[in-house]
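Please construct the entire structure, taking both the sequences and the accompanying hints into account.
Number of protein chains: 2
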Amino acid sequence: MIAVFGHLNPDTDAIASALVYARLLTRQGHPAQAYRLGELNFETAYVLKELGLTAPELLPQLAAGSEVALVDHNESAQSAPHLAEYEVTRVVDHHKLGDLTTAAPAYLRFEPVGCTSTLLLKLHREAGLDIEPQDARLMLSAILSDTLHFRSPTTTPDDRQAVEFLSPIAGVDDVAGFALAMFAAKSDLGDTPAETLLKMDYKVFPFGDPEQTWGIGVIETTNPAYVFGRQRELLAAMDQIKAQDGLSGVLLSVVDILNETNRTLVLSATEGKVLREAFGVVAQDGVADLGARISRKKQIVPTLEEYFAPQA
Amino acid sequence: MIAVFGHLNPDTDAIASALVYARLLTRQGHPAQAYRLGELNFETAYVLKELGLTAPELLPQLAAGSEVALVDHNESAQSAPHLAEYEVTRVVDHHKLGDLTTAAPAYLRFEPVGCTSTLLLKLHREAGLDIEPQDARLMLSAILSDTLHFRSPTTTPDDRQAVEFLSPIAGVDDVAGFALAMFAAKSDLGDTPAETLLKMDYKVFPFGDPEQTWGIGVIETTNPAYVFGRQRELLAAMDQIKAQDGLSGVLLSVVDILNETNRTLVLSATEGKVLREAFGVVAQDGVADLGARISRKKQIVPTLEEYFAPQA
Ligand SMILES: [Mn+2]
Ligand SMILES: [Mn+2]
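Top to bottom, those sequences are chains A and B.
One point on numbering: in UniProt numbering, the residue at position 109 of the first sequence is 109, and numbering is uninterrupted.
One point on numbering: in UniProt numbering, the residue at position 281 of the second sequence is 281, and numbering is uninterrupted.
No wet-lab data here; the hints were simulated from the structure.
Think of the CB as a built atom: it goes at the ideal place given N, C-alpha and C, for glycine as much as any other residue.
Do not rely on the hints blindly, as some may be mistaken.
Stated by the list, open to error - Derived pair list, reagent style EDC-like, types lysine to aspartate or glutamate, alpha-carbon separation capped at 20 Å:
#	chain 1	residue 1	chain 2	residue 2
1	A	Lys199	A	Glu233
2	A	Lys273	A	Glu305
3	B	Lys49	B	Glu39
4	A	Lys297	A	Asp158
5	B	Lys297	A	Glu87
6	A	Lys298	B	Asp158
7	A	Lys96	B	Glu111
8	B	Lys96	A	Glu305
9	B	Lys298	A	Glu87
10	B	Lys96	A	Glu85
11	B	Lys122	A	Asp158
12	B	Lys122	A	Glu126
13	A	Lys96	A	Glu211
14	A	Lys298	B	Glu87
15	A	Lys122	B	Glu111
16	A	Lys273	A	Asp285
17	B	Lys297	B	Asp239
18	A	Lys122	B	Asp158
19	B	Lys96	B	Glu305
20	B	Lys203	B	Glu126
21	B	Lys122	A	Asp99
22	A	Lys96	B	Asp99
23	B	Lys96	A	Glu87
24	A	Lys297	B	Glu87
25	A	Lys96	B	Glu67
26	B	Lys298	A	Glu67
27	A	Lys96	A	Glu111
28	B	Lys96	A	Glu67
29	A	Lys122	A	Glu132
30	A	Lys96	B	Asp239
31	A	Lys96	A	Glu306
32	B	Lys298	B	Asp245
33	A	Lys122	A	Asp158
34	A	Lys242	A	Glu195
35	B	Lys96	A	Glu111
36	A	Lys122	B	Glu126
What the hints assert, rightly or not - Here are some chain B residues pointing at chain A (derived, C-beta under 8 Å):
#	residue
37	Lys96
38	Gly98
39	Leu100
40	Thr101
And the structure:
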């Protein structure tokens, strides 16, 4: 049995792609089971509930040498704690290639598209397999989520074509309405503890040499006022995770989905200096206006990577 | 212009796949140029001569940040000397994933098949592109070369299907005869210096932690008697490269293509001990009979990797 899972702090793509890829592998004669590496966010919980699906189980510790397939990530810092003991035989991903290695020739499918599910649709079509409505709905949700319904600069023509192909199979006539309902569910944060908000879509990145480690959270919301109303609590949660995980810096970007803007909470002078020098943005009242830089992958991390890169 | 190249000490797959992938990318609107990272072996020279093609040029040093595509390899030890300064945006390969990383999301296509050209055929078919007869002949040659016409245990059903699909387009009726002519050309080593013979199909592998570095050459031939007639010279060349490159060990496997056997030259007690402990084979007269282990990738390197792996 191949264990299939997405990254820590799973988003809709990490969960949907694990479910869809596990079913694809199973249909192709490789029995597979989807797992998750953390709690669902509200958007993903809404997507699964609407489909009448239960969440995949948390990945247990597997026996050494177990066969695993990664979706939507490849770096060890974003993966299962015991990854080095497992045998990675398959990866489907749309992020830059990090520290992954394989013990033997493996199946790797990476493309610079907006969503892993866009690649999973290609895999189905290349294999000549029809798409089950439930899988179509999962992939459609993941693509709309990752691309913020085509607002994100990570969106490619392949993602748009995938949505066009999948929506009739998924039985979704009003794609815009479907996406808005997902985003509203994601934004309905209620009395979620600040630490949970911070970790909802949070990834750790190594930068530079000597290595610095930064934690970067993103809250994509249709209701940024709610998030800024909890600014003080969020800063306390950032401070705590920074100390606890021995991080060099922590950023939390509040992305207004509908207006396509990013305002990032600035924890201390360290983060303020980096934002100023790397992005040319001066924080006001503890908030740095990063403008239309709404993609962590495409507009935040590469700039930090360049900023921290050792000078040749 | 994207520079496309295969590994150091190129084999037929490294050259053919670079030529075919450069043409495919160009046809898809990404102008590309094939290069090589070393001298052609006799088999590849024969394949190109029969097609009336000249060899790709040696890769010059490119400007920092130049876009490159790797075929048939991914590890830095087997790639261009300045690889770290270039931007790898595409890799098509059938080897295990080594120390490769990318600065941004890239296009990676790895599958555990017998030959890179088998994957290039898939890329053409997935893109709905017809195959030019010249490309068909190049891919056919590469697949027959890498799989030793299906004798190698690396052969997969995909490789067999690719040969079946390509041979009529390439205008090759007698696939077995075509393969034998290639292998004969490869075996016609004449007065090639011993150092050149050693380096014809030679790769460097890091093993274990702390890291050891081993050089492993393979001579695939229909005429092993000729090679063993030059055993003394070859051992001298192995000794020299070991000292010069500061290697932990050097192996040279003489693979009898037609009889599917591997007899490996043993340079010193160091190599003898490793072959004895890792493969359970005791050398006689400086030659270790590794039996039917004719694939470096599948039957030699993984065993050494396991042997040198740090104990958990
Ligand atoms: Mn994703
Ligand atoms: Mn190859």
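Now for the hints, and whether the structure bears them out:
1. A/Lys199 / A/Glu233: 13 Å, holds
2. A/Lys273 / A/Glu305: 15 Å, holds
3. B/Lys49 / B/Glu39: Between B/Lys49 and B/Glu39 the Cα gap is close to 14 Å, so the pair holds against 20 Å.
4. A/Lys297 / A/Asp158: 18 Å, holds
5. B/Lys297 / A/Glu87: 17 Å, holds
6. A/Lys298 / B/Asp158: 36 Å, violated
7. A/Lys96 / B/Glu111: 18 Å, holds
8. B/Lys96 / A/Glu305: With Cα atoms ~26 Å apart, B/Lys96 and A/Glu305 exceed 20 Å; violated.
9. B/Lys298 / A/Glu87: 16 Å, holds
10. B/Lys96 / A/Glu85: 16 Å, holds
11. B/Lys122 / A/Asp158: It holds: about 18 Å lies between the C-alpha atoms, which stays within 20 Å.
12. B/Lys122 / A/Glu126: Holds: B/Lys122 and A/Glu126 sit about 9 Å apart, inside 20 Å.
13. A/Lys96 / A/Glu211: It holds: about 18 Å lies between the C-alpha atoms, which stays within 20 Å.
14. A/Lys298 / B/Glu87: 16 Å, holds
15. A/Lys122 / B/Glu111: Given pair A/Lys122, B/Glu111 holds - Cα atoms ~16 Å apart, limit 20 Å.
16. A/Lys273 / A/Asp285: 15 Å, holds
17. B/Lys297 / B/Asp239: 23 Å, violated
18. A/Lys122 / B/Asp158: Distance ~18 Å between A/Lys122 and B/Asp158 Cα, so the pair holds.
19. B/Lys96 / B/Glu305: Distance ~12 Å between B/Lys96 and B/Glu305 Cα, so the pair holds.
20. B/Lys203 / B/Glu126: Distance of about 32 Å is beyond 20 Å: violated.
21. B/Lys122 / A/Asp99: It is violated: about 27 Å lies between the C-alpha atoms, which goes past 20 Å.
22. A/Lys96 / B/Asp99: 13 Å, holds
23. B/Lys96 / A/Glu87: The hint holds at about 12 Å.
24. A/Lys297 / B/Glu87: Holds. A/Lys297 to B/Glu87 sits at ~17 Å (cutoff 20 Å).
25. A/Lys96 / B/Glu67: 15 Å, holds
26. B/Lys298 / A/Glu67: 18 Å, holds
27. A/Lys96 / A/Glu111: 9 Å, holds
28. B/Lys96 / A/Glu67: With Cα atoms ~15 Å apart, B/Lys96 and A/Glu67 stay inside 20 Å; holds.
29. A/Lys122 / A/Glu132: 14 Å, holds
30. A/Lys96 / B/Asp239: 40 Å, violated
31. A/Lys96 / A/Glu306: Between A/Lys96 and A/Glu306 the Cα gap is close to 14 Å, so the pair holds against 20 Å.
32. B/Lys298 / B/Asp245: Given that 20 Å is the threshold and the Cα spacing comes to 25 Å, the pair is violated.
33. A/Lys122 / A/Asp158: 9 Å, holds
34. A/Lys242 / A/Glu195: This hinted pair holds, its Cα atoms lying about 12 Å apart.
35. B/Lys96 / A/Glu111: This hinted pair holds, its Cα atoms lying about 18 Å apart.
36. A/Lys122 / B/Glu126: Satisfied, since the Cα-Cα distance of roughly 9 Å is no more than 20 Å.
37. Lys96: Hint holds; B/Lys96 Cβ to chain A Cβ min 5 Å, cut 8 Å.
38. Gly98: 6 Å, holds
39. Leu100: With a minimum Cβ separation of about 6 Å from chain A (threshold 8 Å), the hint on B/Leu100 holds.
40. Thr101: With Cβ-Cβ at 5 Å, under 8 Å, it holds.
Of the numbered hints given earlier, the model fails hints 6, 8, 17, 20, 21, 30, 32; all others are met.
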